[in-house]
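Line by line, the protein sequences give chains B and P.
My numbering numbers the first residue of the first sequence as 1 and each following residue consecutively.
My numbering numbers the first residue of the second sequence as 1001 and each following residue consecutively.
Think of the hints as simulated: they come from the structure by calculation, not from any bench.
Yeah, the Cβ is synthetic: ideal placement off N, Cα and C, and Gly gets one too.
Careful: at least some of the hints might be erroneous.
Unchecked claim - Partial pick of chain B residues on the chain P-facing surface, computed with a CB cut under 7 angstroms: (1) Tyr32; (2) Gln42; (3) His49; (4) Gly50; (5) Lys52.
What the hints assert, rightly or not - Listing some non-contacts, in silico: residues in chain B with all C-beta distances to chain P over 12 angstroms: (6) Glu14; (7) Gly43; (8) Gln45; (9) Lys69; (10) Ala92.
Residue-level listing of the chains:
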Amino acid sequence: DAKTTQPPSMDCAEGRAANLPCNHSTISGNEYVYWYRQIHSQGPQYIIHGLKNNETNEMASLIITEDRKSSTLILPHATLRDTAVYYCIVRAPNFGNEKLTFGTGTRLTIIP
Amino acid sequence: GAGVSQSPSNKVTEKGKDVELRCDPISGHTALYWYRQRLGQGLEFLIYFQGNSAPDKSGLPSDRFSAERTGESVSTLTIQRTQQEDSAVYLCASSLGGQSNQPQHFGDGTRLSIL
Chain B
1 DAKTTQPPSM DCAEGRAANL PCNHSTISGN EYVYWYRQIH SQGPQYIIHG
51 LKNNETNEMA SLIITEDRKS STLILPHATL RDTAVYYCIV RAPNFGNEKL
101 TFGTGTRLTI IP
Chain P
1001 GAGVSQSPSN KVTEKGKDVE LRCDPISGHT ALYWYRQRLG QGLEFLIYFQ
1051 GNSAPDKSGL PSDRFSAERT GESVSTLTIQ RTQQEDSAVY LCASSLGGQS
1101 NQPQHFGDGT RLSIL
C-alpha cells in the first residue's frame, strides 16, 4: 500500500470547517483513499473513502486532486465531539493484503 | 443498525491464565479482522477471516494466540498462558467483503490487562 503523510496536529474553531490534508504521492491507479478517526478509548470509526471522484456523506466530504497525489477531508461544521486522531489510509485491492495499516495520523483539536 | 460488538469490554487477569475474547460482526459481513493496539501505538494486524476460513494468520505473534470463527459470524480470539506484554486493546472489525472498496467497521475493543 502507498505511504501517506499527514500533519501531526491541527486546531479548528468550533462551528468552522476543518480541512485535513493528506499526501499520497505514490498512490497507484487502483488504490482507494480511506479516512478513519479514533476518539480516545474507542475503536477506529470509518468516515469516508474514494477512488477518483470527490465523495460526500453525512459525516464529511473527501476531495481528491486530479492527479490523486493528495486529498483533503472536510468536516463542514466542526463540533467538540470531532476532536480525535484522523487517519488517512491508501488501500490496494490485493487479496491476502486486506489488513489496514494506520500511520500516525493528525490529532485534530476543536477549540470552543 | 447494530455495529460490531465485542465482549468483554474490559478484562483483567493474572499472568499465565488463558483468556477468550469475543467478536460479533455486523450481520452479513463475510470478512472479519482482529487487530491489537498497545497504549499510544498504532494498529497491529493479527488475523483475517473470510467466512470461517483464515487465509491470513500472519500477524498472530506466537502460538499462544489462536482464533476461530463459526457460522460465518461470531469469532473468538484466545490467548493462552498470558504474558504482561499481551496487555493491549484488542479490536475486531468486519466488512461486507474483503475487497479494498469495502470499509472495515470496528468495535470498541476489549481492553486486556495482565497483572
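Going through the hints against the structure:
no.	hint	result
1	Tyr32	holds (5 angstroms)
2	Gln42	holds (5 angstroms)
3	His49	holds (6 angstroms)
4	Gly50	violated (10 angstroms)
5	Lys52	violated (12 angstroms)
6	Glu14	holds (25 angstroms)
7	Gly43	violated (4 angstroms)
8	Gln45	violated (7 angstroms)
9	Lys69	holds (18 angstroms)
10	Ala92	violated (6 angstroms)
Checked against the numbered hints listed earlier, the structure breaks hints 4, 5, 7, 8 and 10; every other hint is satisfied.
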